[in-house]
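Asks: Protein sequence lines, in the order shown, are assigned to chains A and B.
Heads up, the first sequence is in our numbering, so the first residue is 1 and it goes up one at a time.
Heads up, the second sequence is in our numbering, so the first residue is 1001 and it goes up one at a time.
Errors might be hidden in some of the hints.
Just some of the chain A residues that point at chain B, by a computed CB distance under 7 Å [as the list claims (entries may be wrong)]:
id : residue
1  : L131
2  : G182
3  : M207
4  : A214
No wet-lab data here; the hints were simulated from the structure.
Even glycine gets a Cβ: it sits at the ideal position worked out from N, Cα and C.
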Amino acid sequence: MNEIFDLDTIAGFYPRKKADISLKKLNKVLKSHIVRRSCLVSARGVFYDSRDGNEETLVWAEASRVDCFSQFTPVGTVDMRNFEGEDVYIQSLRVRGVRIWRLFPDEQGWDCTHPGFISFLDCLDGSGDILYMPGKLSSIKSAASGRDLRIIVDTHFYNLTDTLFSIEPGDGFFLSTRRLHGPGVIKKICEKFGSERMLFASGSPLMSLSGALAIVRNADLSVEEEANILGGNLSQMLGGRAL
Amino acid sequence: MRIDAHAHLGKWYFPIDELSSEKMRESMNLLGVDVTIVSHSLALTYDICEGNQVLATILEKHPGSILGYVTVNLNYPEESVVEMRKYLNGTRGFVGVKVHPLLNDRRFDTREGRIIAEAAAELDAPVLIHTFGSDIESPRHAAAVARKVPELRIILGHMGGFSWSDGIQAAEECDRIWMEICSTANEPAKIEESVRIIGPERLLMGTDSTLFLPEYNWGQLWDADIDPRHKDMIAGLNAAGLFGLEKNKGM
């Protein structure tokens, strides 16, 4: 059984519909699927206050080293609605162990042309940090042009043509598996660009972890490709850092 | 008994694998699905008459395993009724009606929708209607039509998608509305909430296969924190009752 490292988990309170995304629920779901590592962001940082949320995430990540089945890699976030180009703050989180960032344009109502987003990309430029965000690859790539970045894009397979035309060898772009649930999609991307370009992501506990795993495990991949996608790639991208 | 109450055959305008009816049967065997009810993409995205005819030919090859929805088009209500009468005669494997307001660019709570709804009620055929969050495809429109057409049975395809609370509300307001769970909003919480508010009886399993991999949406039923007996109902027993299909297996 491959070790699973889930790129996409969230915890806290979900205000947009009734759904239990508590830390307790997340731990229960991860344990039931034997997911030992996940990247975690606090919903507080998405919907209310990104700095408060980041503090919560760091506390949860630290606590998970001691008493959780799954260990959490802290994911930082900023809210473009009040982002003012905060290099010092971002650097301070880096020092505290945050090397992966998530952005939430859909929940916060902005897009890739937002000046704050461009400024945030400047903050990450050349840092080696990872950015994970939803959107069309062509739009994100256009905004990120000319920078040294590693960006994991969460895009729906309905945008697959856009993805296939936009992604290039060695361009620093990767894909989340979360919404690649069309027949043959994961296999096609593997064949075209290599399994190294994809990372397992579930959206748990809001989204179904079983469904997210099933589309990777039934994608007709080699053992090595599946291992890369389910956890190897993300471990490698994070530099084998202690989680 | 497992029944997939929302699936398709035919090509899609995305660069994904096209899965034949034979491939669908293989997938059904792997997942333990007894019956899949499909519409044809040719009818949904282009020409209902041509697409329904293609589907009728496919259904003849899989009697009892793959059943069909007669696809209708809200811009062609009279032609749609002719299609319904042609295929919903109990002999050709068609058991319901499929309508897609978004692909027709026409809401269901319209004169045209009413014509289709009345014919479906007369023919005693459940109507599977695509629902999601935008104004053209809201579950509320389906509820409005259901209130005006007694005896009409409606299945909210995707149960409103990410706006599944609207789907639950529609089903709460009308006991002739069922909800089918598949969508990219692959959220176990929507099943848990539905069971809590309206009970398990009017929830149906669907996958959107062959547009989606079927196991993707089975996952949310597996993950839902509900009574296993309720999972059996959602996995197939409810659909068996709605469509009059008999068999009795657990999940």
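Asks: Look at each hint and say if it fits the structure.
Replies: Results for each hint:
Checking A/L131 against chain B by beta carbon gives a least distance of about 22 Å; that is not within 7 Å, so the hint is violated. Checking A/G182 against chain B: minimum C-beta separation of about 4 Å stays under 7 Å; hint holds. Look at A/M207: its Cβ gets to within about 5 Å of chain B, closer than 7 Å, so that hint holds up. This hint holds: A/A214 has a C-beta 4 Å from the nearest C-beta of chain B, less than the 7 Å allowed.
Hint violations for this structure: number 1 only, all remaining hints satisfied.
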